[in-house]
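Asks: Using the sequences plus the hints, can you model the full thing?
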Amino acid sequence: MPSRTYTLFRDAILREQQVVCSYDGRIRELCPHIIGTNKSGEEVVLAWQFAGESSGPLPQWRCLRLANVRDARARSGRWHEGGSHKTEQRCVTDIDLDINIHVRKLR
Numbered sequence: 000m001p002s003r004t005y006t007l008f009r010d011a012i013l014r015e016q017q018v019v020c021s022y023d024g025r026i027r028e029l030c031p032h033i034i035g036t037n038k039s040g041e042e043v044v045l046a047w048q049f050a051g052e053s054s055g056p057l058p059q060w061r062c063l064r065l066a067n068v069r070d071a072r073a074r075s076g077r078w079h080e081g082g083s084h085k086t087e088q089r090c091v092t093d094i095d096l097d098i099n100i101h102v103r104k105l106r
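Residues 0 to 106 in numbering that gives the first Met the number 0 are what the sequence shown lists, from first letter to last.
Calculated from the structure, these hints are not laboratory results. Since the model is a prediction, treat every value here as computed from it, not as a measurement. Even glycine gets a Cβ: it sits at the ideal position worked out from N, Cα and C. Mixed in with the good hints, there may be bad ones.
[Said to hold, decoys possible] Distance windows between CB atoms, simulated:
| hint | residue 1 | residue 2 | range |
| --- | --- | --- | --- |
| 1 | Arg69 | Gly40 | 19 to 25 Å |
| 2 | Gly40 | Arg77 | 16 to 22 Å |
| 3 | Gly40 | Glu80 | 15 to 21 Å |
| 4 | Ile94 | Asn67 | 17 to 23 Å |
| 5 | Glu80 | Ser53 | 14 to 20 Å |
| 6 | Gln59 | Thr92 | 19 to 25 Å |
| 7 | Arg69 | Glu15 | 33 to 39 Å |
| 8 | Gly76 | Arg3 | 20 to 26 Å |
| 9 | Asp93 | Leu57 | 25 to 31 Å |
Replies: Rendered as structure tokens:
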């Protein structure tokens, strides 16, 4: 059974909502794009961080282990597509939901 955080991020993908949360002690403002599990079976999400706190420049892609996410909440706001990938993503190995394949292609 998925965690509460997993369900929140999954629903945010389906509704194209932003997510604000704390991760690694920093406030992150994200648009989640792909959710599922990694090679170790941990719940993970690939998200475009467009604002908030970061150790590097923003915006950028983030791979979040959902067990380390705190105080997540979804909100309405402009959807951020994210920059192009120069390499194939390796964050999510077992994809449950991908906004570009499962959501937008069905519309």
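Asks: Broken hints, numbered, in rising order?
Replies: 2, 3 and 7
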